[in-house]
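What follows is the residue order along each chain.
Protein chains: 2
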Amino acid sequence: MSSNPSAPESLDSKENVTVTACLMIIGNEILSGRTKDANLGFLGEQLNEIGVRLMEVRVVPDIEAVIVETLNEVRQKFDYVFTTGGIGPTHDDITSACVAKAFGVAWSLHPEAHALLKAHYAEGELNEARLRMAHTPEGASLIENPISKAPGFQMDNVFVMAGIPRVMQAMFESLKPRLTGGAPVRSATLAVSLPEGKIAKGLGEAQDRFPDVEMGSYPYRNGDRFGVRLVLRSVDDTRLEGAVEDVAATVRALGDEPVRES
Amino acid sequence: MSSNPSAPESLDSKENVTVTACLMIIGNEILSGRTKDANLGFLGEQLNEIGVRLMEVRVVPDIEAVIVETLNEVRQKFDYVFTTGGIGPTHDDITSACVAKAFGVAWSLHPEAHALLKAHYAEGELNEARLRMAHTPEGASLIENPISKAPGFQMDNVFVMAGIPRVMQAMFESLKPRLTGGAPVRSATLAVSLPEGKIAKGLGEAQDRFPDVEMGSYPYRNGDRFGVRLVLRSVDDTRLEGAVEDVAATVRALGDEPVRES
Numbered sequence: 001m002s003s004n005p006s007a008p009e010s011l012d013s014k015e016n017v018t019v020t021a022c023l024m025i026i027g028n029e030i031l032s033g034r035t036k037d038a039n040l041g042f043l044g045e046q047l048n049e050i051g052v053r054l055m056e057v058r059v060v061p062d063i064e065a066v067i068v069e070t071l072n073e074v075r076q077k078f079d080y081v082f083t084t085g086g087i088g089p090t091h092d093d094i095t096s097a098c099v100a101k102a103f104g105v106a107w108s109l110h111p112e113a114h115a116l117l118k119a120h121y122a123e124g125e126l127n128e129a130r131l132r133m134a135h136t137p138e139g140a141s142l143i144e145n146p147i148s149k150a151p152g153f154q155m156d157n158v159f160v161m162a163g164i165p166r167v168m169q170a171m172f173e174s175l176k177p178r179l180t181g182g183a184p185v186r187s188a189t190l191a192v193s194l195p196e197g198k199i200a201k202g203l204g205e206a207q208d209r210f211p212d213v214e215m216g217s218y219p220y221r222n223g224d225r226f227g228v229r230l231v232l233r234s235v236d237d238t239r240l241e242g243a244v245e246d247v248a249a250t251v252r253a254l255g256d257e258p259v260r261e262s
Numbered sequence: 001m002s003s004n005p006s007a008p009e010s011l012d013s014k015e016n017v018t019v020t021a022c023l024m025i026i027g028n029e030i031l032s033g034r035t036k037d038a039n040l041g042f043l044g045e046q047l048n049e050i051g052v053r054l055m056e057v058r059v060v061p062d063i064e065a066v067i068v069e070t071l072n073e074v075r076q077k078f079d080y081v082f083t084t085g086g087i088g089p090t091h092d093d094i095t096s097a098c099v100a101k102a103f104g105v106a107w108s109l110h111p112e113a114h115a116l117l118k119a120h121y122a123e124g125e126l127n128e129a130r131l132r133m134a135h136t137p138e139g140a141s142l143i144e145n146p147i148s149k150a151p152g153f154q155m156d157n158v159f160v161m162a163g164i165p166r167v168m169q170a171m172f173e174s175l176k177p178r179l180t181g182g183a184p185v186r187s188a189t190l191a192v193s194l195p196e197g198k199i200a201k202g203l204g205e206a207q208d209r210f211p212d213v214e215m216g217s218y219p220y221r222n223g224d225r226f227g228v229r230l231v232l233r234s235v236d237d238t239r240l241e242g243a244v245e246d247v248a249a250t251v252r253a254l255g256d257e258p259v260r261e262s
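Chains A and B, in that order, are what the protein sequence lines are. Letter by letter, the first sequence follows residues 1 to 262 of our numbering. Letter by letter, the second sequence follows residues 1 to 262 of our numbering.
Bear in mind the hints are in silico, worked out from the structure with no lab data behind them. Each residue gets a CB set at the ideal place from its N, CA and C atoms; glycine is no exception. It cannot be assumed that every hint is accurate.
What the hints assert, rightly or not - For the chain A half of the interface with chain B, some residues (derived, Cβ under 8 Å), not all of them: (1) L31; (2) F42; (3) M55; (4) P61; (5) E64; (6) A65; (7) H91; (8) I94; (9) A129; (10) R130; (11) P146; (12) I147; (13) Y218; (14) L254.
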């Protein structure tokens with residue numbers, strides 16, 4: 001895992017480099033169970049496709065000290081940090097001001113964001129609360145929000161996005177060209193009609209033969225049919241296919257015919 | 001927030017004590033987006049009901065050093081830690097051994113867990129891989145698993161559970177009597193047909209009048225009807241109702257009639 005936050009800009013080869021990311025989900029409503037997060041799954045998949053590996057997620061409450069401390073930890077530790085939530089107009093939307101605090105810069109009206117909101121709201125509708133959404137940390141560059149206009153922003157390796165999935169996804173599309181990934185991770189899935197405890201030994205041995213191919217085992221139940229999905233992941237297609245063959249042979253030796261699902 | 005991990009045992013009053021918890025979701029499959037977590041929402045709600053506040057969630061990969069380091073951080077920081085995932089029979093199920101490492105104790109066959117699995121599996125079926133599920137850190141007490149038998153366990157303030165939601169939920173039911181909560185958090189919800197930017201100022205002022213009542217604002221869209229749900233939360237019923245009245249009056253002053261949903 002690379003741990004140099006300035007690495008992505010200086011990548012000159014996509015080989016053998018793991019570009020890492022952390023997602024901070026900000027909001028009491030996620031922790032209370034009231035709102036189900038839908039951004040983690042989306043981001044994990046999207047980042048995979050461009051060769052960025054989501055290594056960790058932190059869900060934190062709307063508490064300034066926690067947000068600032070967490071952000072300062074993870075922006076050092078990972079190449080990219082994405083945050084979702086807490087950038088609306090209400091008093092509990094403190095993400096943007098917390099990012100300014102974490103970076104030790106002023107939180108001020110961003111002229112470009114101001115112009116966007118002035119164009120969006122009718123005369124007299126851009127009140128004090130809405131103007132908060134035009135404030136960013138000094139030095140931030142905006143992330144376009146084609147849905148509801150109030151932008152996200154980027155500070156160094158930190159990308160600040162809305163929590164509402166539709167808006168978050170649109171913002172991610174806007175910022176994607178700014179990301180530099182390593183080699184994308186390919187995956188292959190084998191469905192097996194054996195209980196996990198029967199395939200475990202052979203799978204562990206296959207993992208030892210292919211330490212560079214990540215092998216995961218996920219039990220499933222389909223009506224009264226039980227089985228395991230074996231998911232293999234690697235940045236190297238040849239090694240991935242070799243591992244798939246190896247695992248498939250292991251499964252066949254146990255008397256089952258694996259089904260390649262992806 | 002209490003930060004003393006031994007506090008729950010010594011609580012003699014439920015007043016003015018916040019009992020805190022952290023959830024560690026362990027597994028590459030969550031970070032890759034392949035598997036959607038369903039345990040966060042369940043745990044957040046369940047803990048609320050017994051007066052334990054979920055303060056943070058960490059989603060971490062199947063990497064020993066990360067699991068050990070994270071666990072040692074959060075078990076100091078929060079009253080309770082719950083983990084989900086990584087306790088099955090395959091090579092990537094490393095949670096249990098990582099907990100032993102974090103506590104600096106041996107990872108060994110737990111006689112009671114061994115007896116449970118011997119009773120569950122037919123003669124000759126309890127192979128080496130499945131026996132891993134009968135290993136715990138030295139000193140652990142088991143958490144019953146009525147679904148698939150292989151138990152979870154408790155080490156001090158850390159509760160180790162399965163990742164499969166049905167099993168996790170059954171384990172949580174089993175362990176719940178061991179938890180000592182503070183005052184449960186009550187909540188009230190007002191649905192308002194005003195945009196967030198219009199209610200923001202008044203809501204912020206109401207929050208200032210009731211600093212002990214947490215107020216959150218969550219925009220919703222119902223067909224072409226837009227609005228905001230205002231969620232108020234407090235351990236004190238009287239203060240909660242006072243705040244609801246205050247916020248309702250604020251909404252009425254803006255020309256809308258709030259609908260109390262809970």
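Verification of the hints:
Using the Cβ-Cβ criterion of 8 Å, the hint placing L31(A) at the interface with chain B is satisfied: the shortest such distance is roughly 5 Å. Of the supplied interface hints, the one on F42(A) holds, with its beta-carbon coming within about 7 Å of a beta-carbon of chain B, less than 8 Å. Interface restraint check for M55(A): the shortest CB-CB distance to chain B comes to about 6 Å, inside 8 Å, so the restraint holds. Checking P61(A) against chain B: minimum C-beta separation of about 6 Å stays under 8 Å; hint holds.
With a cut of 8 Å, the hint placing E64(A) at the interface with chain B is violated, because the nearest CB-to-CB distance is about 14 Å. Contact between A65(A) and chain B, as hinted, is not supported at the beta carbon level, the nearest pair being about 10 Å apart and thus beyond 8 Å. Restraint check, H91(A) versus chain B: the minimum CB separation of about 4 Å is within 8 Å; hint holds. For I94(A), the interface hint is violated, since its Cβ never comes within 8 Å of a Cβ in chain B; the closest pair sits about 11 Å apart.
Of the supplied interface hints, the one on A129(A) holds, with its beta-carbon coming within about 3 Å of a beta-carbon of chain B, less than 8 Å. Taking 8 Å as the C-beta contact cut-off toward chain B, the hint placing R130(A) at the interface holds, the least distance being around 4 Å. Annotation: P146(A) was flagged as interfacial toward chain B, and the flag is violated, the nearest CB pair being 16 Å apart, outside 8 Å. Annotation: I147(A) was flagged as interfacial toward chain B, and the flag is violated, the nearest CB pair being 11 Å apart, outside 8 Å.
Interface restraint check: Y218(A) against chain B, minimum CB-CB distance 6 Å, threshold 8 Å, status holds. The restraint placing L254(A) at the interface with chain B is violated, with a minimum CB-CB distance near 12 Å, outside the 8 Å limit.
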